[in-house]
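Asks: The primary structure of each chain is shown beneath.
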Amino acid sequence: MVGAGMSPFGMFADRDSKDLFLQAFQEMLHSVDRGVDPGDIEALYLGNFTNDFFVQQSHWGAILADTLGLVPRPATRIEGACASSALAFREAVFSIASGFYDVVLVGGFEDMSKQATEQVAEGLALAASPYERSAGFTFPGVFGAIATAYFDKYGATREHLMNVTIKSHNNAPLNPKAQFQQTIQGIMASRAVKAKKKGGPVPEWQDEKQFLGDPQANPVVAWPMHLFDCSPISDGAACILLVGEEIARSFTEEPLYVAGLGQASGRALHAAEDLTYFEATRRAAQEAYGMSDLTPQDIQFAEVHDCFSIAEIMHIEDLGFFKPGQGYQAVADGLTRLDGPKPINTSGGLKCKGHPVGATGAAQLIEVWEQLRNKAGKRQVPHPDLRFGAAHNLGGTGGTCTFTILERR
Amino acid sequence: MEEQPVSDYGYQQYLQEEKLMGSRCTACGALYVPPRGRCSACQQTQMEWQQMQGTGKLAAFTSIAIGPPFMIEQGFDRNNPYCSAVIELTEGPRVVARVEGVDARQPEEIQVGMRLVARFAQRAVGDEVTTSLTFAPV
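Those sequence lines, one after another, are chains A and B. Per my numbering, the first sequence starts with residue 406, numbered consecutively. Per my numbering, the second sequence starts with residue 15, numbered consecutively.
Here chain B stands alone, though its shape is the one from the complex (with noise of 0.2 Å):
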């Protein structure tokens, strides 16, 4: 794969690979996720691309009723919620992202600590498809 500049720019090419990359310092092996091109740790700048298994467990979790404009165009509202979650990596790490594949009108059944697995949506805005960072109940 061709490697990427540490940026959100690279984080993104690489989800359109449906890869989930994070940066790790080469001097402290801090990990972050999504990248970063300067160690917050030690402040170094030496940072290398790692690729994430793509599993964690939920952290926190929301079922959203009223979305922004862009999740109404997709179709969600009172009636039909969605879950946007923040997931802990298997690798430690913390991401949010949308968490699919649960029922987001009962969220009392969504249990914090539930073991996810990432899944990468695609979506056509325009005539460019985007790819997104989701996750689902293993």
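Excised from the complex, chain A in its bound form (with noise of 0.2 Å):
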């Protein structure tokens, strides 16, 4: 891994996804430290969900190969739910590996916030498996089911998920690509403020947890999942450039390398071994660190797919970092802050950078990619000398996972 780049995430009602992954696109030639000719790229692996769906658009590839003045190189476009640009970058890795290209861009984009939110949700719906969408289920509902699942069982509570929350909204104003740019205190604090310009009564919260369990504040969504345990509608783009093992020095002197990768497949939500973790997850984590030789101890921070906060407890106890039932308690312990042992969504996280869903995949990859070269400003890692760090990404109920190491050798 040479360059990346991505545009920032939001809501942007005047730019398409065109007009995104260009800036990403741009943002990614400059942050090649020798320089990369566009004539040199051979191929593109372009992650989208479903365009088709939010803007009635389909055929991404060409259409992105035209944009970047690319053509005619070859493009592909690559569809797994949220995990779309986890999958488009596993497949450039493989056609490098191959020996067939040398030099290859990876992206991801989305375009939601063109529709009402019903319509949002009727998209990522399509995600879902067919019994589930007849039971009435949506993603968020999904997410709650799980995690009444997971409190019976070990006995967390509304309280644990608050920790992800408050932990996303402290890590995410650190971020100037982030989508929410505020710590829950600081929403907390303008929320008054407002409520004073209005002339009604002043909100006192005494801290975090009470402003997250004001059903004004938070409502609920889908029991026990509130507007705050979930990540939003979001616009980005994200890229990336590979290329050769042996070429990547001519690009930087630090160049990233896959240690390892993996990807699995998992079943629909009533037919899954467990409803307490992603076995899909369990699976591409091993094949990434059988593949790298790593085990979780050796990975030193993660981006995971905290589409919704339980999420984020389960993956960080089915990637081996925690043992299973111990994640909630690892955040509420401080864990997987910046400052922590095992800091988790530096970036924010979907929570609170935002969830362009086709994009996010290789976003969070970017992410990993700061936090390697010490470029994260603001929320570096606070360690001497990162070497591995890892992102997982997760679509649909968890019919697809990854696991992808990067290390800085």
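Please keep in mind that the hints were generated in silico from the structure rather than gathered at the bench. In this text, a Cβ means the ideal position worked out from N, Cα and C, and glycines have one as well. A hint or two may mislead.
Facing chain B, a subset of chain A residues (Cβ under 8 Å, in silico) [claimed, not checked]: (1) 530; (2) 546; (3) 627.
Now that you have both chains on their own, put them together as the hints suggest.
Replies: Here it is in structure tokens:
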């Protein structure tokens, strides 16, 4: 990995996927220390979930190759729900490892905000199983149900989910690309100011958890998932340049290497082995650890797919960072904070950085890139020698999971 | 009853007759609800239908305040949420279905593990009446 760039994540009424991807692409080109001639890019692998539905436009591979001026390079669009661009990354790695290509562009993008919230929810639900959809499940509903099974098995409560939200909101303001730029404390203060201006009663919350427990401030979406447990509707794009290992140093002194990568498929919710973990995450992690000869202890920090707060707790268990049933306590103890022993979602995560679904997998890898190259600014993991970071991406209700370990040598 | 193809279509046809049916692998005995025409455990394709008792317990649930358009059309919203759930059948397999007869406005009162029984719900869509699987407390 020798280059990376991403657009800001947010809701942009005046910018579409072409605009955002072009910005990510330009930033990627500038990030290559010794420069890259765009004409040397041999192929494009692009992840996108359902712009077909969100903006009624398909065939994004060719459209973006044309937008970037890279015609006639082959461009392949890959769909794996919210894991689309991690799959694109993996296919690009294979294309180089096979010896077929030397310089390949990986991208991801999604344009979600042009639709009303109900339509976005309907579009996202296309990645659920037909059984789940006919039973009335939404995505927050599926993760809400999973949370009740986890609570019942391990004794966790809503308060433990709040710890994840508070942490994500602490990290996000340190990331200039993040959709949300306020801590929970900051949001509480602005709401109080707003109420005062309106002349209404000024809410008084003792602390962040009281705010998050206030149904006015944090309404239920699908019990026990509340608004602040859910990742937002986002637009965004991310772009990565991968090259063959033997030529990497002609692009930069500091390339990152793919130490291991795994991908696995999982079953529909009703057929899951168990409702308190994701089988496909465990398998993908096993594959990546095996390939890299690394263990969960070797991974110094990670981005995990926190589409909902409960998901982050399950992933840090499934990836082996904490034992099953102990993830929620680890978060409560601060172990996953930016300054903790195992920082998780330093970017702010999907919850706060934003979740333009097709861009998420690539954007997670870009956070790992910035951290490993000591370019993460105010949210830099305070460790003198970062060597291994990883990203976990999940599609649907766990139907597609990936785990990718990057290494700085 | 008429033998149906082992598929989602066949499953739905049996639901129309108010029967909850699964498929059992004649080779290894694995049981699937909804049915599978091919056994995921042993890869054999000789499956036979088996009727479920229609009893089970709540394995996981949610109370949904913001539903998909077809639920909103039925009158569900923030003030009138509904409960969707994973139910573990007495025979072992789990299914997903709506749970009625619980107060979705009071999700704290709904308990994982509570005993449930199948209820077949009819809904008219245009000229057709569709039967769907729901559950209710015993």
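Asks: Now, for every hint given, state plainly whether the structure supports it.
Replies: Hints, verified against the model:
The interface hint given for residue 530 of chain A holds, since its Cβ lies 6 Å from the closest Cβ of chain B, which is under the 8 Å cut-off. The beta carbon of residue 546 of chain A is positioned within 8 Å of a beta carbon in chain B (closest approach about 5 Å), and the interface hint is therefore held. Annotation: residue 627 of chain A was flagged as interfacial toward chain B, and the flag holds, the nearest CB pair being 5 Å apart, inside 8 Å.
The structure fails none of the hints (numbered hints given earlier).
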